[in-house]
Amino acid sequence: MDLAPFSTRPVEPLRKTTADGQTLRRPTAVESQIAEVLVSGVDEVRRRAVINDADDPRFLLPECLVYLIRAAVREGRPEWVDELAPRLLARCERSLRRSIRGFDAVGEEEAREDTLGRLAVLLVEPGNGADFFEVRFDLALKRLRIDVCRQVRRRRAPLVAIDGIGDEQSGEPGLDRLADEIDIDALPGHLDAEQMLCLRQALSRLTELERKALVLHRLMGIPIASKKPGLSTLVEILGVSERTVRNYLRRAESKISGPTEDER
27 MDLAPFSTRP VEPLRKTTAD GQTLRRPTAV ESQIAEVLVS GVDEVRRRAV INDADDPRFL
87 LPECLVYLIR AAVREGRPEW VDELAPRLLA RCERSLRRSI RGFDAVGEEE AREDTLGRLA
147 VLLVEPGNGA DFFEVRFDLA LKRLRIDVCR QVRRRRAPLV AIDGIGDEQS GEPGLDRLAD
207 EIDIDALPGH LDAEQMLCLR QALSRLTELE RKALVLHRLM GIPIASKKPG LSTLVEILGV
267 SERTVRNYLR RAESKISGPT EDER
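Every position in the sequence shown, counted from 1, becomes a number in the working numbering once 26 is added.
Worth double-checking, as some hints may not be accurate.
[As the list claims (entries may be wrong)] Across the chosen pairs, the derived CB separations fall in these ranges:
#1 Ala61 with Val147: 25 to 31 Å
#2 Glu119 with Asp81: 19 to 25 Å
#3 Val37 with Gly67: 14 to 20 Å
#4 Glu119 with Val65: 27 to 33 Å
[Stated by the list, open to error] Calculated cross-link-like contacts (lysine to aspartate or glutamate; reagent style EDC-like; alpha-carbon spacing at most 20 Å):
#5 Lys168 with Glu119
#6 Lys42 with Glu57
#7 Lys168 with Asp140
#8 Lys42 with Glu119
#9 Lys42 with Asp157
#10 Lys253 with Glu234
#11 Lys254 with Glu279
In case anyone wonders, no lab produced these hints; they're calculated from the structure. C-beta: ideal position from N, C-alpha, C; glycine also.
Between the sequences and the hints, there should be enough to build the whole structure, so can you do that?
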């Protein structure tokens, strides 16, 4: 494919703002690499784009690749989109094969393809929808993956079993709305009708945050806290301290430990 050099004009600023009105800004390392690549020759960009070893000093950061793809779209350079987008999506596919769990083989493929498809659309859409991918690509991809997995799970039979409590492989952690949307009646049939009724009655006695903490932790297997990068935790999802999360769980477990006087 015959490729022309990228435009050497200044790096395009981001436009998306945060909840507090601050405009997103790329990390310095990302800004520097983008500026460096824009003045590189065509052959150099192509050589660097195929490097998958993140420890290689010539490795192109995913944030940089996103910028280049979006710049090619803005400049009407489809040949660069065709050159770079498959490289980025191939990296993402390898990551998704490791990170999507809780489905059968068909479900995993559906979630993976949906995630890649939505990312591809974001990359070529006008506007600022993909801005965060130029700031923290891995986190942005994780959020997209979580959202897609939640949607795929709702389309398919639920795969989270009551007897899978505490198993991080029991399902992909969803957004904080997941605890609100879980369908107790749709869970696999490990409980009989009487046990299911008791479970519903027990959950109805909890406050919203107690119920959300209990469902996410005990049914979805999401840990309270973790030092492992990129792992969703109750502290992150609920936006409270670890001590507060443990208080929610302790109160919830106390409330559901036995039936109320009216239920006896």
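Going down the list of hints, with the structure as the test:
1. Taking the beta carbon of each, Ala61 and Val147 are about 27 Å apart, inside 25 to 31 Å as hinted.
2. Between Glu119 and Asp81, the C-beta spacing of about 21 Å keeps the proposed range 19 to 25 Å intact.
3. A hinted range of 14 to 20 Å holds for the C-beta pair Val37 and Gly67, which are about 18 Å apart.
4. A C-beta distance of roughly 30 Å is found between Glu119 and Val65, which places it inside the suggested range of 27 to 33 Å.
5. The hinted pair formed by Lys168 and Glu119 meets the criterion: a straight-line CA distance of about 12 Å does not exceed 20 Å.
6. With a CA separation close to 16 Å, the supplied pair Lys42 and Glu57 stays within the 20 Å bound.
7. Note on Lys168 and Asp140: the hinted pairing holds, with a Cα-Cα distance of about 13 Å set against a maximum of 20 Å.
8. Between Lys42 and Glu119, the direct Cα distance comes to roughly 26 Å. Violation of the 20 Å bound is thereby established for this hinted pair.
9. Annotation: proposed proximity of Lys42 to Asp157 holds, straight-line Cα distance about 6 Å (limit 20 Å).
10. Distance hint between Lys253 and Glu234 is unfulfilled; the C-alpha atoms sit about 27 Å from each other, more than 20 Å.
11. Distance check on the hinted pair: Lys254 and Glu279 sit about 26 Å apart at the alpha-carbon level, beyond 20 Å; violated.
When each numbered hint is compared with the structure, violations occur for hints 8, 10 and 11.
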